[in-house]
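Kindly generate the complete structure, drawing on both the sequences and the hints.
Protein sequence lines, in the order shown, are assigned to chains B and V.
Counting in the numbering used here, the first sequence tops out at residue 185, every number present.
Counting in the numbering used here, the second sequence tops out at residue 185, every number present.
In case anyone wonders, no lab produced these hints; they're calculated from the structure.
Mixed in with the good hints, there may be bad ones.
Claimed, not checked - Label-pair ranges, simulated between beta-carbon atoms:
no.	chain 1	residue 1	chain 2	residue 2	range
1	V	Ala175	B	Gln167	15 to 21 Å
2	B	Ala171	V	Gln161	17 to 23 Å
3	B	Leu84	V	Pro96	29 to 35 Å
4	V	Arg87	B	Ala171	21 to 27 Å
5	V	Thr168	B	Arg86	46 to 52 Å
6	V	Glu176	B	Gln123	52 to 58 Å
7	B	Ala164	V	Asp147	30 to 36 Å
8	V	Arg86	B	Asp101	39 to 45 Å
9	V	Ala164	B	Arg86	42 to 48 Å
10	V	Arg87	B	Gln167	49 to 55 Å
Just so you know, even glycine gets a beta-carbon here, dropped at the ideal spot from N, CA and C.
2 protein chains.
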Amino acid sequence: SPCAACKLLRRRCAQDCIFAPYFPPDEPQKFAFVHKVFGASNVSKMLQDLPLHQRGDAVGSMVYEANARVRDPVYGCVGAISALHQQIAQLQTQLAISQAENVCLRMQHS
Amino acid sequence: SPCAACKLLRRRCAQDCIFAPYFPPDEPQKFAFVHKVFGASNVSKMLQDLPLHQRGDAVGSMVYEANARVRDPVYGCVGAISALHQQIAQLQTQLAISQAENVCLRMQHS
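Dropping the structure here:
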């Protein structure tokens, strides 16, 4: 049976199909989102430019980005990056306060 | 003079060109990367699906993602997300240690 990509693109799934190893027929949504966001021909080109052992990771990161873009068409996964930067700033503030308290406590102690 | 998108796509830049407000002719690289990663027709579709006041932010996040994908074809901006998650885990550990020290110092003090 054809892979999820060839099924959506309505083409024959060749023996050496570049999509088949990463887009099994039982997960049609995975390719649908990647195709909607990046376009099948861009995905194919990006995979062809990578050595075989890195293609799985590349597909994983493209699927992640595509899902994020479908969920949030304005910010995509850049929204997540902003949120993480904010969380880091908060943690750095909390850490600075806690370390300052520590210094005060040590001074009281000595 | 045509916008950076119409120049790259070698087409006439119409008065109501959807790209023109966001891709000025003096920043050709901005559109080149977005086109390479998402494809001009996908970018056009994504912009058309958004209200005018959100299109600038959408272009900004797509340019960010495209740059990240060109720099790192395997992980794109998902690489940045992983790095930020690691930084958060480190900060949380440091904060927990500092707060535990705090508790110890208070106990010694009382």
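Consistency of beta-carbon spacing, glutamine 123(B) to glutamate 176(V), with hint 52 to 58 Å
53 Å, holds
Do arginine 87(V) and alanine 171(B) keep their Cβ atoms within the hinted range of 21 to 27 Å?
56 Å, violated
Taking the CB of alanine 175(V) and the CB of glutamine 167(B), does the distance hold inside 15 to 21 Å?
Roughly 18 Å apart at Cβ, these two residues keep to the hinted range, so it holds.
Distance restraint hint 39 to 45 Å, applied to the beta-carbon atoms of arginine 86(V) and aspartate 101(B):
41 Å, holds
Between alanine 164(B) and aspartate 147(V), does the C-beta distance stay in 30 to 36 Å?
Violated - the Cβ-Cβ distance for alanine 164(B) and aspartate 147(V), about 24 Å, lies outside 30 to 36 Å.
Is 49 to 55 Å right for how far apart the beta carbons of arginine 87(V) and glutamine 167(B) are?
51 Å, holds
Quick one: are threonine 168(V) and arginine 86(B) within 46 to 52 Å, going by C-beta?
50 Å, holds
CB-CB spacing for glutamine 161(V) and alanine 171(B) relative to the 17 to 23 Å hint
Since the Cβ atoms of alanine 171(B) and glutamine 161(V) sit about 20 Å apart, the hinted range of 17 to 23 Å holds.
A range of 42 to 48 Å was offered for this pair. Does it hold for the Cβ distance of alanine 164(V) and arginine 86(B)?
44 Å, holds
Is the distance from the Cβ of leucine 84(B) to the Cβ of proline 96(V) consistent with 29 to 35 Å?
33 Å, holds
Checked against the numbered hints listed earlier, the structure breaks hints 4, 7; every other hint is satisfied.
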